[in-house]
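Chains as they are written, first to last, in this note's numbering: chain A, 1 to 690; chain B, 1001 to 1337.
To be clear, the hints were calculated from the coordinates, so they are not data collected in a lab.
Please note: incorrect hints may appear among the correct ones.
What the hints assert, rightly or not - Lysine to aspartate or glutamate pairs mimicking EDC-like chemistry, simulated, CA-CA at most 20 Å apart: (1) A:K282 - B:D1246; (2) A:K276 - B:E1101; (3) A:K528 - A:D349; (4) B:K1106 - A:E267; (5) B:K1294 - B:D1258; (6) A:K358 - B:E1163; (7) A:K276 - B:E1105; (8) A:K330 - A:E267; (9) A:K330 - A:E426; (10) B:K1097 - A:D422; (11) A:K282 - A:E264; (12) B:K1271 - B:D1225; (13) B:K1133 - A:E267; (14) A:K282 - B:E1265; (15) B:K1032 - B:D1049; (16) B:K1293 - B:E1265; (17) A:K330 - A:E264; (18) B:K1293 - B:D1266; (19) A:K685 - A:D673; (20) A:K88 - A:E63; (21) A:K276 - B:D1078; (22) B:K1318 - B:E1303; (23) B:K1247 - B:E1265; (24) A:K358 - B:E1089; (25) B:K1271 - B:D1295; (26) B:K1293 - B:E1276.
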Amino acid sequence: MDKNYLNIIRSSKLAQFGILLIVFLLLYNLVPHNEGNYFWRLPSILAFIPIKLNEIIYAALYEWFPLKVWDPIFEMYEEKAAFREFTKSISKGLLFLITFVRELLLGGDKIIDVFVSDAWLKDNDWMTWPALPWTAATVGAFLLGFQLGGIRLALLGGIGSLYVSIFGNWVPSIQTLSFVLITTPICFVLGLSFGIWGYLDRKVETALQPVLNVMQTMPQFAYLVPIIALFGLGDHAGSIATIVIATPPMIRNTILGLKRISPEVVEAGLMSGCTKTQLLFKVLIPTARRDILNGVNTVIMQCLAMVVIASFVGAKGLGLNLKIALNSLKIGKAAEAGFCIVLIAVILDRFTKAWANKQVDYFENLSFFQRYKLLIIFGTSILIFSIIAFIANGYFDKINYLYVIPIEKGFTFAHYIDAAVDWVWETFFYSLNSFNKFLLTEVLGPMKKAYLGMPVVATLTLTMGVAYIIGGIRTSLLVGGMMLFIAMSKYWDRALITMYMATFAVIMASLNGIIVGSIFAQTERGSKIILSVCDFFETFPSFVYLIPVIFLFNITDTSVLIAAIVYATVPATRYTVWGLNSVPLSLHEAGTMSGVSRIQRWTNIEIPLAFPTIMLGVNQTVVFTLQMVILGALIGTEDLGQLIFGALSRAQDGPGVAITLGLFVSLMAISVDVIVRKWAEERKKALGLA
Amino acid sequence: MSPTISCSSVYKIFGNNAQTLLSESGGNVDAKKFQEAGCIVGVNNASFDVNQGEMLVVMGLSGSGKSTLLRCISRLTDATSGKILIDGEDICLMNNKQLIELRREKMGMVFQNFALLPHKTVLENIAFPLQVKGVTTENSIHKALEMVELVGLKGRENYFPRELSGGQQQRVGIARSLAVEPDIWFLDEPFSALDPLIRKEMQDEFLRLQSVLNKTIMFVTHDFDEALRLADRIAIMKDGIIEQLDKPDNIVLNPATDYVRKFTEDVPREKVLKIESIMDASDPHASGEIAVKKDDIIETVAEKILNSKEIIKVVDDKNSVVGSINPSKVIKVLFGG
């Protein structure tokens, strides 16, 4: 070949991509599709991984490090594995805490039972903790809101609590809340400790990064089976699953916050004569307070996003109700429970944000009574409402509505929703159905077939090629290694289906996000509005998105994809707005003075400069999409998610399979992440934005 | 009396094998060679003393190593080699406990970007060094209130840093650094982040404070005018090396290197030179009524001298006549030629 051509190829990425595409297409069409051909599908030599994982888990649980444990029932020592005893005591501790908070609010005698004998409790009927009347709780929510953010938050808290109560969701809501109240502090302490450790020790941070990456991209479902194996079923298992998922963002926020502290502030602390401990607790943590509390906020949001998933391992509450309603296709009931979760999420979100931004005023000169005014009012209202409710015991014969309004007796709007859904079905059945059919047969079907018909050598060439062009040989090998790992398992076909769904959803969501973001980012006000809309949608737990789509498109790939697209449009939009807003004003002015039109400004100035940021949004979109696609297994798809979901019911080999498959999904997300991040970094450097 | 701060052959070199490279070079450090080896030279063989009550201004452009030098002396970074004595004790050999003790008792520092704690009010920020020392809340707040008054922030005790202007924030920073009544006061470009007008005002305020407090001061700045205005002595740094360390008028009159000369070229002489440097010492019997002091800066008394019709006598601190001054000399300084 002419030397000139070689130079062009070397310097032009576009030419490189062109060649890569040609090679890919050639491979795609030329490699024969038959089993046994290693260019078509690799042998599943890594099929032993899930089996080995299982063996390890069960060996740890039943064989390693045996301890002599006293069995009180058989009154003898028994050999039990240390690890098993360890997980058991964690389960017990967590369960105790959750039950404690639950009974504190709902009443009962389980906690008292821990401290006295069963027989004594049976003889003393009166010995039971009284429930907190919902009336008093409503006053409490109102006052707390008032304390944190004035009348607006007071009304949000009060009305929210009132709604939950009179619509009969009081008990499940408190069950969910008790779950959040116990899980959040644990995540907080864990996240803060690891975050501080990572900040203080660079090596720890480097070691944490890949672990956090995997943890944050693993589908939530993948954790469930191992957790059942290790901890059994129940509220505590749900809590543990949530801790695993919600702690990584807390760690990240802590590290981020601490790193953002200006070195001068640290020096000021040192020059003031702080010891190491004083520096940590009096300078570093308070200065990073806002980022740390944002982390707490994320943790709470994760907890609520997890309630439905946690219900698969036995957590009670709104999540369980929603799951049952969804399983029996009761859209109205599901929507009601979903609405409650969103409501609690919004309340907790606003409350914690207000708390994060609240500054303590040390100089108010208040008397004891003034200082604790709200607490005193709350205490009094508990007393008064409890007395009223207690007296009313005689008035109501079976259910005391002043304590709790049970779900069957509460107000409901479920039938309106059901009616609305019916109406939509009847009215739009044909158009919805034909749209659904069109999408399935004309777009999704062929796309799926194309993905499944891709020889493994073609896939690897494409991914590694892209990684090589963008990030060089190391990135290419990293990505290739991760893909190879999946390809050599026996789940490659399923992974391809997941990839096809993710690709489709990512493309659609990114387009949506870029268009919506660009439109709104034209004005400052528009940016503000769309960002707060994004905030609002992000408080929705992910599965809430599934409720409406199932009823419009039934249980098909379409439903899952639409939910995924809507869900993932949020980060795409957000990053687009951020990217466009970060284009320097001087460039806008330079453009205007050069006489560009609005469209020209968008295509020639704004998009090129904002593109690296937008791509980071697309990166997020991939993670969001994969989460939703896997979650789609909840309503039935046939990709990796379905297998992970299926592993739930197979206690014997489930844990290994679930972890392996979860890891696959995580690796896919990380592969994209590695490439996109690298590209965005270089691009930002080239544009002088970094 | 021994100097309060005494540095001898202080080196600070950033990089992995700085220690070995330095000992190989035998103290003769070439910044370029070190850079090729992956090391960056921050401070290169600095030796000087600062006496009790003296203000040494370290002047240099960004990257000259002036802030690094300051951080070595406060041991916010560890010097690679050299001796740094504070009141005769080598700070480089101190353990963590001694160091904390030293900072709590003897040192105060002001930072370029104020470095206030965002979650604490003005009063709490100022009381902070006292509180970490273990002073009771009541006493520390009492002391902090005194400091608030000293820096002229009365009425803003309960403001948070974000509610204050830059100048006010730096007043808080100054008050905080003074709260423990340190002997040694480090100031790292304290006025560089402020607007020119506020900067001037803060420099005046600073001179007022120093005239009351009389601390031993190391003041870092990149502004040569500021250095001239404030310093007892100036150290000019370039690439980690102290190019010249002298009194302001000497630097202006006798720049040691070409680099220093570049700074001094445009400096108005009358703003730096003292009457002493142009007076006529051979005529100690001038008879005029009007007198100027030999330590006066020419600019401040020029009008007085030029308006008078007779020869003016120059007196020293004890008011005894040491010489006379001819108006033509003042004109020469003012208008050149």
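Evaluation of the provided hints:
1. For a cut-off of 20 Å, the pair hint linking K282 of chain A to D1246 of chain B is broken: about 41 Å separates their Cα positions.
2. The suggested pairing of K276 of chain A with E1101 of chain B holds, with an alpha-carbon distance near 13 Å, which does not exceed 20 Å.
3. Between the alpha carbons of K528 of chain A and D349 of chain A the distance comes to roughly 18 Å, so the proposed pair stays at or under 20 Å and holds.
4. Taking the CA atoms of K1106 of chain B and E267 of chain A, the gap is about 16 Å. The hint holds against a cut of 20 Å.
5. Proposed proximity of K1294 of chain B and D1258 of chain B is contradicted: the alpha carbons are some 30 Å apart, above 20 Å.
6. At roughly 15 Å between alpha-carbon atoms, K358 of chain A and E1163 of chain B fall within 20 Å of each other, so this suggested pair holds.
7. Distance restraint check for K276 of chain A and E1105 of chain B: the Cα-Cα separation of roughly 18 Å lies within the 20 Å cut-off, and the hinted pair is therefore satisfied.
8. Of the supplied pair hints, the one linking K330 of chain A and E267 of chain A is violated, its CA atoms being roughly 61 Å apart against a limit of 20 Å.
9. Distance check on the hinted pair: K330 of chain A and E426 of chain A sit about 17 Å apart at the alpha-carbon level, within 20 Å; holds.
10. For the suggested pair K1097 of chain B and D422 of chain A, the alpha carbons sit about 76 Å apart, so the restraint of at most 20 Å is broken.
11. For the proposed pair K282 of chain A and E264 of chain A, the alpha carbon gap of about 15 Å is at most 20 Å, so the pair holds.
12. Under the criterion of a C-alpha separation no larger than 20 Å, the hint pairing K1271 of chain B with D1225 of chain B is consistent with the structure, at around 9 Å.
13. The suggested pairing of K1133 of chain B with E267 of chain A holds, with an alpha-carbon distance near 16 Å, which does not exceed 20 Å.
14. Our distance criterion of 20 Å between C-alpha atoms is broken by K282 of chain A and E1265 of chain B, whose separation comes to about 48 Å.
15. Between the alpha carbons of K1032 of chain B and D1049 of chain B the distance comes to roughly 28 Å, so the proposed pair goes past 20 Å and is violated.
16. Distance check on the hinted pair: K1293 of chain B and E1265 of chain B sit about 26 Å apart at the alpha-carbon level, beyond 20 Å; violated.
17. As the CA atoms of K330 of chain A and E264 of chain A are separated by approximately 59 Å, the hinted pair breaks the 20 Å bound.
18. Proximity of K1293 of chain B to D1266 of chain B is assessed by CA-CA distance (about 26 Å); at most 20 Å being required, the pair is judged violated.
19. Restraint check for K685 of chain A and D673 of chain A: satisfied, since their Cα atoms lie roughly 18 Å apart, inside the 20 Å limit.
20. Distance restraint check for K88 of chain A and E63 of chain A: the Cα-Cα separation of roughly 15 Å lies within the 20 Å cut-off, and the hinted pair is therefore satisfied.
21. Of the pairs offered as hints, the one joining K276 of chain A and D1078 of chain B holds, with about 17 Å between alpha carbons and a cut-off of 20 Å not exceeded.
22. Pair hint K1318 of chain B plus E1303 of chain B does not hold up; C-alpha atoms about 23 Å apart against a cutoff of 20 Å.
23. A C-alpha spacing of about 16 Å is found between K1247 of chain B and E1265 of chain B, which places the hinted pair at or below 20 Å, so the restraint holds.
24. Restraint check for K358 of chain A and E1089 of chain B: the C-alpha separation of about 46 Å exceeds 20 Å, so the hint is violated.
25. Between K1271 of chain B and D1295 of chain B, the direct Cα distance comes to roughly 12 Å. Compliance with the 20 Å bound is thereby established for this hinted pair.
26. This hinted pair checks out: K1293 of chain B and E1276 of chain B have alpha carbons roughly 8 Å apart, not beyond 20 Å.
Of the hints listed earlier, those the structure fails to meet are numbers 1, 5, 8, 10, 14, 15, 16, 17, 18, 22 and 24, in rising order.
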